[in-house]
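Protein chains in written order, with the working numbering: chain A, 1 to 79; chain B, 1 to 518.
Don't read these hints as lab results, they were simulated from the structure. Check before you lean on any hint, since a few could be wrong.
Simulated pairs of lysine-lysine, BS3-like, Cα-Cα distance not exceeding 25 angstroms [to be verified]:
# : chain 1 : residue 1 : chain 2 : residue 2
1 : B       : Lys353    : A       : Lys61
2 : B       : Lys368    : A       : Lys56
3 : A       : Lys28     : B       : Lys517
4 : B       : Lys368    : B       : Lys381
5 : B       : Lys355    : B       : Lys368
6 : A       : Lys56     : B       : Lys352
7 : A       : Lys56     : B       : Lys128
8 : B       : Lys128    : B       : Lys517
9 : B       : Lys125    : A       : Lys2
A few chain A positions that, by computed beta-carbon distances, are all more than 10 angstroms from chain B [claimed, not checked]:
#  : residue
10 : Lys2
11 : Asp4
12 : Phe5
13 : Val7
14 : Trp30
15 : Asp58
16 : Ser64
17 : Ser74
Glycine included, every Cβ here is placed at the ideal spot set by N, Cα and C.
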Amino acid sequence: MKQDFQVLNNLFRFYYDGFRNMSAWGRKVWIIIIIKLFIMLAILKLFFFPDFLQKKYDNDKQRSEYVRDQLINSSVTHD
Amino acid sequence: MIENVDLTLVDWSRAQFALTAIYHWLFVPLTLGLSFILAIMETIYVKTGNEEWKRLTRFWMTLFGINFAIGVATGIILEFEFGTNWSNYSWFVGDIFGAPLAIEGILAFFLESTFVAVMFFGWNKVSKKFHLTSTWLVAIGANLSALWILVANAWMQNPVGMIFNPETARNEMINFWAVLFNPVAVEKFLHTISSGFVLASMFVMGISSWFMIKKREEFMAKKSILIAGIFGLASSLFLAFTGDSSARTIAKVQPVKFAAFEALSAGKQNAPLVAFGVLKRSGERIGNKELPGFVFKIEIPDLLSVMTSGSKDAYVPGLIDLVSGNKEWGIMSVAEKTERGKIARQSLMDYKKAKNCNDNEQVTSLLKKFQDKDFRDNYFKYFGYAFINSPEDVIPDVYSAFYSFHLMVILGFLFLLIFTLALIFFYNGTIGSQRWFLWVVLFSIPLPYFASELGWILTEMGRQPWIIQDLMPVSIAVSNISAYSVQITFWLFAFLFTALLIAEISIMLKQIKTGPKQ
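Taking the hints into account, I'd like the entire structure generated from these sequences.
Okay, here's the thing in C-alpha cells:
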C-alpha cells in the first residue's frame, strides 16, 4: 500500500515538476492548447455542432427509421 | 415521395470538410516522420554518449513539440462534422467507423499522456534507455494512431467486411480483419506514413540548410542533413514503391478514379502511361459530360497496361468503357449497376412495408436476403447507383484528378533527387559550399506539404460522386440542416485554423532562430 502511494507520488511529482519547469515555448503552446480546446469543445461543439440525429430523435429505433427513409426517398447526384 | 437534395448544402458541407481536413493534414505528417528522426538521433546519442547528439535531438524535439501541441485534437473537428453535417453517412457506416476511431482515441490518449510526457519532462529524470524507449514508442504510437484513421478512410474507398442491416439501416462489421487488412488500407497506411517521413526529412534538411547558410551550428546542421538525407532517400524510394502498388489497387477497386487521374477516355491494350501532359477540352462527350483531351503529353509506351496487370497486352478500361460498359472485356455499364442498385433499394422499401404491415414472414425473409452473399455481391454492392440520375455522373472531375496525381508524382521524384544530391554533397564534403543547393532545400520545405495535400485531394475528389464507393453518394450523406449554418462554421474554422497555423509558424521560427540550447 505504502509502495503504491510512493509510485503515485513519484508519478505526480514527475508531471508537476515537468509543468513547473517548463520552458517559455512550452508555456506558450500550453496556453494555445487550452484556448484551442476551449473554443473547440465549449463553443463549437456545444453551440454549432450538435449531433443531428441525437438531437432530433429520442432513440435508435427512430434514428434508424429516419435514415432508412432518407435512403429510400432521396434522389439527385452531385459531383 | 422522392426528396430533392439541397446542392448548396452539399457544396458547403464538402467545402467545410475539405478545409478542416486540409488544415488538419498540415500538422499530422510532420509528427509522423519527425518522431522517427528524433528516435534515430537519440539512439545515436545513447550509443555514442556524445552530448552534441543530445543537444541536436532536444532541438528537433522542441520543433516536434510545437507541431504536436498545435496540431493535437484538430482532427476532432472532423468528427464533429460527421455528426452534424453528415448524419446519414455517420449512421449508415455504423461501427465500421466507430471501432477504428475508438481504438485511435484510446491509443492517442495513452500515448500523449505517458510517452510524450516522458520525452519532454523525462530528460535527466529517467534512465537514458527508458527515455529512448519512450521516444521510439511515441514514433511507433503516432504512426499506429494514423493507421486507424486510414483504415476507416480505406473502407470508404473499398467497403469490405460488413453486412447491411435493413432494420437498423446500418452496416455492421462481420469481419474485423477484412476491414483492417483491406488492401486499400494497407497501401494507404504505408504510402501515407512514408509521405510523412519524406516531409519531415525535407523539413529537417531545409532548416539545417538555413543554419549552414548562416554558418551557425554547423555540427548540428551537417549531422541533421546526414540523418534526414538517408531517412528521406529510403522513404522516397519506399514512397514510390507504395505509390505504385497503391495505383494498382485503385485500378482494381476504383477503376473510374484510375481512368480519371490518367485522363484515359477510351480503354485500350498496350496502354501508355502519361508521364505528364496538359489537358484541353476535347468536344467528345458522354451524356452531358465533356471528356478532356490533351494539348500535349509525354507518354511511356505500354507502361499503364504493365503496371495494372503485369502484361502489355492487358486492357485498361477508360471512362467510356466504365460508363457505357464493355461486354468484350467484361465491364458492367453504369446503367446495369443502377438497375441492380434499384433492386437493392426496392428490397429496403419492401422491408419497410413489411414492417409497417407486421408481415413477420416477409421481414424475416428480407433480413435473410440482405445477409445472402449473392445478393450482397451482385445487388447491394451497387446500392448507391440507385441514386445516380445519369450514368456519366459517376465520373469525377478529371482535371483535378489528373493534375493532382501528376504533380504529386513529379514532386515525389524531385524529393528523391534532392535527397540523393544532399548525400552526394555530404559524402564528398562540399555540402557547406553548395550554397545554391542549400537555398533550394530551404525553399523546398513547403513542397512535400503541397504534394501530401495533393494526394488527399486525389483520394477524396477522385472518389466523387461517392462518399462510400458504390454504396452512398455524397449528396445522400448530408444532414437536413441549413446551408447558412454550415457557411458560418466554415468561416469560423477558416479563422481558427489560420490562427493556429500562424501561431505554429511564428513559435517555430522563433525557436529556430534561437537554435539549440547550449
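Here's how the hints hold up against the structure:
no., hint, result
1, Lys353(B) <-> Lys61(A), "16 angstroms, holds"
2, Lys368(B) <-> Lys56(A), "31 angstroms, violated"
3, Lys28(A) <-> Lys517(B), "18 angstroms, holds"
4, Lys368(B) <-> Lys381(B), "16 angstroms, holds"
5, Lys355(B) <-> Lys368(B), "14 angstroms, holds"
6, Lys56(A) <-> Lys352(B), "21 angstroms, holds"
7, Lys56(A) <-> Lys128(B), "55 angstroms, violated"
8, Lys128(B) <-> Lys517(B), "19 angstroms, holds"
9, Lys125(B) <-> Lys2(A), "22 angstroms, holds"
10, Lys2, "22 angstroms, holds"
11, Asp4, "18 angstroms, holds"
12, Phe5, "20 angstroms, holds"
13, Val7, "14 angstroms, holds"
14, Trp30, "7 angstroms, violated"
15, Asp58, "15 angstroms, holds"
16, Ser64, "5 angstroms, violated"
17, Ser74, "5 angstroms, violated"
In summary, the numbered hints that this structure violates are 2, 7, 14, 16 and 17.
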